[in-house]
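Chains as they are written, first to last, in the working numbering: chain W, 1 to 303; chain C, 1001 to 1308; chain Y, 2001 to 2517.
You may find that some hints are simply not true.
[Unchecked claim] No farther apart than 20 Å at their CA atoms in a straight line, the calculated lysine to aspartate or glutamate pairs in the DMTMM-like style are these:
{"#": "1", "chain 1": "W", "residue 1": "Lys35", "chain 2": "C", "residue 2": "Glu1122"}
{"#": "2", "chain 1": "C", "residue 1": "Lys1124", "chain 2": "W", "residue 2": "Asp294"}
{"#": "3", "chain 1": "C", "residue 1": "Lys1011", "chain 2": "W", "residue 2": "Asp133"}
{"#": "4", "chain 1": "Y", "residue 1": "Lys2460", "chain 2": "Y", "residue 2": "Glu2445"}
{"#": "5", "chain 1": "Y", "residue 1": "Lys2389", "chain 2": "W", "residue 2": "Asp58"}
{"#": "6", "chain 1": "Y", "residue 1": "Lys2190", "chain 2": "Y", "residue 2": "Asp2175"}
{"#": "7", "chain 1": "Y", "residue 1": "Lys2190", "chain 2": "C", "residue 2": "Asp1092"}
{"#": "8", "chain 1": "Y", "residue 1": "Lys2314", "chain 2": "Y", "residue 2": "Glu2350"}
{"#": "9", "chain 1": "W", "residue 1": "Lys78", "chain 2": "Y", "residue 2": "Glu2308"}
{"#": "10", "chain 1": "Y", "residue 1": "Lys2092", "chain 2": "Y", "residue 2": "Glu2057"}
{"#": "11", "chain 1": "Y", "residue 1": "Lys2382", "chain 2": "W", "residue 2": "Asp58"}
{"#": "12", "chain 1": "Y", "residue 1": "Lys2190", "chain 2": "C", "residue 2": "Glu1088"}
{"#": "13", "chain 1": "Y", "residue 1": "Lys2076", "chain 2": "Y", "residue 2": "Glu2131"}
{"#": "14", "chain 1": "C", "residue 1": "Lys1011", "chain 2": "W", "residue 2": "Asp134"}
{"#": "15", "chain 1": "Y", "residue 1": "Lys2395", "chain 2": "C", "residue 2": "Asp1035"}
{"#": "16", "chain 1": "Y", "residue 1": "Lys2132", "chain 2": "Y", "residue 2": "Glu2074"}
{"#": "17", "chain 1": "Y", "residue 1": "Lys2471", "chain 2": "Y", "residue 2": "Asp2333"}
{"#": "18", "chain 1": "C", "residue 1": "Lys1124", "chain 2": "W", "residue 2": "Glu29"}
Since the hints were made in silico from the structure, they are not lab data.
Here is how the chains run, residue by residue.
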Amino acid sequence: MADAAFDPLASARPGASGRVAGARAMWREANAIQKAAFVVAVLLLAAAALAPLIAPHDPVAQTLIARLRPPVGFERFKEGHLLGTDELGRDVLSRVLWGLRLTLALAFAGAIIGLLLGGVLGLLSGMAGGVTDDLVMGAVDAQIAIPFTLVALLILAVFGSSLQVMVIVLGLYGWEQYARIVRGEVRKLMRMPFVEAAVAAGASRPRIAFRHLLPNIVSPLVVQFTLSLSNIVLQESTLSFLGMGVQPPTATLGSMVGIGRDYMPTAPWIVIFPALAILLLTFAVQILGDWLRDRADVRLRSR
Amino acid sequence: MIAYAVRVIAKALVTFLAIVTLVFFFTRITGNPIDYVIGQGITQEDRALLMTYFGLDQPLWLQYLRFLRAFVDGEFGLSFVERRPVTEIVADRLWPSLQLLGSGLALTLLLSIPLGIVAAIERKSWIGNAVMSFAFIGYAIPNFVLATFLILIFAYWLNWLPVVGNGTALHFIMPTITLSGVMIAALTRFTRNAMLDVLGQDYMRTARAKGLSERQGLFKHGLRNASITILSVIGLQVAGLAASGNVVVEAIFAWPGIGDLLVRSAIQRDYPVLQFGVIAVSVAVLTVNALVDIAYAYADPRIRLARA
Amino acid sequence: MTRLLATTALAALMAGSAFAVELKVGAANVTTYLDPGRDHSNVGSQFYYNSFDVLVEKNYDTLETEWRPGLATEWKLVEPTVMELKLRQGVKFHNGDAMTADDVVFSLNRMYQADFPPYQVRARDRLANFEKAEKVDEQTIRITAKKEEPLWETLLNLQQVMIVPMKYTMSLAGDPNALEHDDFEAFSLKPVGTGPYKVAELAPGERLVWERFDDFWGDKAPLERVTVTQIPETASRITALKTGEVDLITNVAPDQLTLIEQDPKLKAVGSATALFHVMIMNVNHPTLKDPRIRQAMSLAVDRDTLNEALWFGKAIVPSTHTMQEYGPLYMPDLVTFEYNPEKAKELLKEAGYNGEEIVYTSFPTYYTNGLLAAQAIVDMWKAVGINGKVEVNDKWTGGAPEMMARNWSNPMYFADPFGSFGVMWAPGGPSQSEGRFNTDEAYAESWERFRFSKDIEARKAAYAELMDRIKADPPLLPLYRPYESWAMSTNIDWAPKKGHIPYVLDFRAGSITFATN
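I would like the entire structure built from these sequences, with the hints used as guidance.
In structure tokens, the structure reads:
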């Protein structure tokens, strides 16, 4: 495995003009599923961005006398509530749109925090080795060994439950995966001739990190990022399932599903629409992630 | 090799101590059991009485010393909520969780490795896409939604499967599927990617040049090399799942497992149970991790050298 | 071998027939211990009546109070503060020991003169007036009260003074002939009583198995075996009932009742439970110090709409802190709590309320519809101009100075206003002691008259005074008596009895019939 004689930098970083052409080429080469995923992702992003404009109702406005009304086309449908109403008579469509917005924001913020935290620690650990490595990997082991729900619970108990705290909690979810991956890749790369050569030539550590290491671990990081986006969406819904998610009446897709699950047999629309949104979202993100990965993987492309 | 193993074990021990210490202090600064279970509607003086009875009024460091002494004399105390030894409670809960984990893991391995290989070989055809789409869906559904759907279909409507408990083999079906959904998705994907990584390596090019077909090459070199990645992913997944014991699955199917116990005792601040539960789980996880580390080193001498 | 198998199969078949009736129950919560003296939780109260007896029994079929002989066959006051009781003879504990006067005295004094902290805590709020129990002879005991006690029978009918065996308890831990705290701790996992069902297995928080106790002194238990399994998820519980894994389930939320009604093989029974879901307000919180603000918080809540929307009108909205179960002390004409948003707005203006945020804390799932009601209440506050916010927390925050408002329940621990309002809102009681309710001498004086007057009218008048005080400076708003439902297959005839405290799963003779088919 150590005899890779190619220079990964040669093909991994196209110039600015090359990028547009690259994007066009990418679209041409994409298969139907990938194209569909791209369209879905764009639509979801647009819906989230435009939620304040397109949501027909205030997502927290209650109508107690019109609880649990079904979507259009069913008996007892209430005019104006296309996807029905929830357990407090709130408009499901509006809640899904606003929930999507908040879910996306939380997921991206959380995934970026995880990426930065785990990435930096993994890089440090992989490059420095020795005690630093032991400390970081010890922390990783500790994180794996303690159930995440427990970590979340304690953090929420100390800092109270607010959106800011929730972002941090979700950011902590999965940092250890980034750290492990980055560390593993870095250690592998450090033994490669082109890095060894750079080290021998006296390149500074940051230069090695940014110029030689990072560009080569983008691919596993992208995959992990997409994984953790969907993991975070699911984890947030699990926290809601356990009663530790975002505070009501605020909705995320996860909390709608988590809190609404009791209504699955009687008023399934409360759960199905946000669950469907979660499904589309994570599905699209992962297809795109895989697509990017396949594209970015120079070793595959070179054939 | 032995020096390396000692080093790995020593590291695990330090990590373990750090974990139990953190859990000890964090749970205590965030509240006590009287605030969560017993304390509703009692007077302040009665509260003080109970604090004394449970030994919660003692200085934190003293409680910590007493807790450390438990490692010597094995007295980990009684649960505040269930008035019996925590060792007994945790032992009762560990076995059902391990059983479920075992069956979940078996199903995962059985499905995801073949699927991952197929997805790698057929990556350009619709078969590969179909496999990966299937895997992605496993990732995309919250597991309690999956569980609820399974219950609705197989129990509520068809009346084929039991919902509650862990009495018979039939009881394992729905919890196992729910539990492995995510694992299958993850492992299929990792297998595929690991195989593709291998496909790009030089010796595969060499193999192709020598006239081996891609398939032969894959099985000959690919699988062997990818197995390291796959193993480590399995290790991680198992560790993670053993730790969280999958709270959700256990709650929905009334499965008397460790995850449910840990979360409940954390919510109620039942310190003795929580502490011992965390000890048991982290010992298990750290052991698995250390074993994986050592096995790695055994398989790949460079790691050993690099770390020694 | 084949023959052996066949015989076993036959035996198994026979076991499943009418000779041995087994009932399977799916409960939202199974208790983590069983000790009637220590417990007063809603979870625990489900389980004691089947395995334990009290000295003075009650006809639980009716709302009217009708005392009946229990483990005591007769009782009379021999002095104003001393009650003498004749004990039933030939009563056996589940472990085979005969019940003696010593056991009874032990059971009472473990509460009256408690030195085990969990008992002390329980005894203080309801048994504080009892000094001691003494053995007169093998068949007679005497109980001495500190003050003349108007509620003798009521307080001898309590779960906390159910009779337990002395020797057995002593033998559980440490020195087998001495009583230690560890004995009580051990008892709570190996409970023994005199009731018609013995506890055959207790897996805390998972499963409780009862078996018929053949030496029971009264009518034999109708069921051979009862297994109660904890199934926390509502959907799982209902599905388990549908698949026949269990025969009866507890805690079916009103929104789920249609699932039961749609299935011809199932039925649901329910009742407005003898317990109030309440909103408590911290009278000492800086923002809420002015009583007018708390009055407004209370007047803004349209409890009838909550009842209609969340309970389909099946809950009971009270005008004051009173229940029909109190018999002569039921006071439905008293109006302490009402809905009047206009007045709420006025009061807020008078009090100079400036839109300070008022937080309503709610347990996530503990109370049926609790979180929904919390959100609805905050929405109703908004309508009168109160800036409210819901906060979900597992922690009991009733003793925290920063607590503003939150949900709680006031169960009826026994059928008297003392058993509900009286336990929670006594001078020096839990609410005051937690620092969210104040009393003064006048309040304490009214309370004494309410608690100890022998004349019912005097008690009622004193209770009305207390309610006036609550109205003028409100620390709570009782929302409603929640409508709790149980569901079962149609071959079972069971319903919660009117005379019980909330949530009791009574499977004694005459309480359940189970036609096996």
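Does the alpha-carbon distance linking W/Lys78 and Y/Glu2308 stay inside the 20 Å limit?
Holds, because 18 Å separates the two Cα atoms, which is no more than 20 Å.
Would the hint linking Y/Lys2190 and Y/Asp2175 be met if the CA-CA limit is 20 Å?
Holds - the C-alpha atoms of Y/Asp2175 and Y/Lys2190 are around 17 Å apart, at most 20 Å.
Pairwise hint evaluation, Y/Glu2131 against Y/Lys2076, where the allowed Cα distance is 20 Å at most:
Distance of about 17 Å is within 20 Å: holds.
Compare the distance between the alpha carbons of Y/Lys2395 and C/Asp1035 with 20 Å, and conclude whether the hinted pair is satisfied.
6 Å, holds
Check the hint pairing Y/Lys2132 with Y/Glu2074 against an upper bound of 20 Å on the C-alpha distance.
19 Å, holds
Hinted pair, alpha-carbon criterion (20 Å max): C/Lys1124, W/Glu29. Please report holds or violated.
11 Å, holds
Taking only the CA atoms, is the gap from Y/Lys2190 to C/Asp1092 under or equal to 20 Å?
Distance of about 17 Å is within 20 Å: holds.
With the threshold set at 20 Å, check whether the alpha-carbon distance from C/Lys1011 to W/Asp134 stays at or below it.
The hint holds at about 7 Å.
Does the structure keep Y/Lys2389 and W/Asp58 at a Cα separation of 20 Å or less?
With a Cα-Cα distance of about 16 Å, the restraint between Y/Lys2389 and W/Asp58 holds, given a limit of 20 Å.
Agreement of W/Lys35 and C/Glu1122 with the hint, judged by alpha carbon distance not exceeding 20 Å:
19 Å, holds
Y/Lys2190 and C/Glu1088: Cα distance at most 20 Å?
15 Å, holds
Straight-line alpha-carbon gap Y/Lys2092 to Y/Glu2057, limit 20 Å:
With Cα atoms ~17 Å apart, Y/Lys2092 and Y/Glu2057 stay inside 20 Å; holds.
Comparing the model with each numbered hint stated earlier shows that hint 8 is the single one that does not hold.
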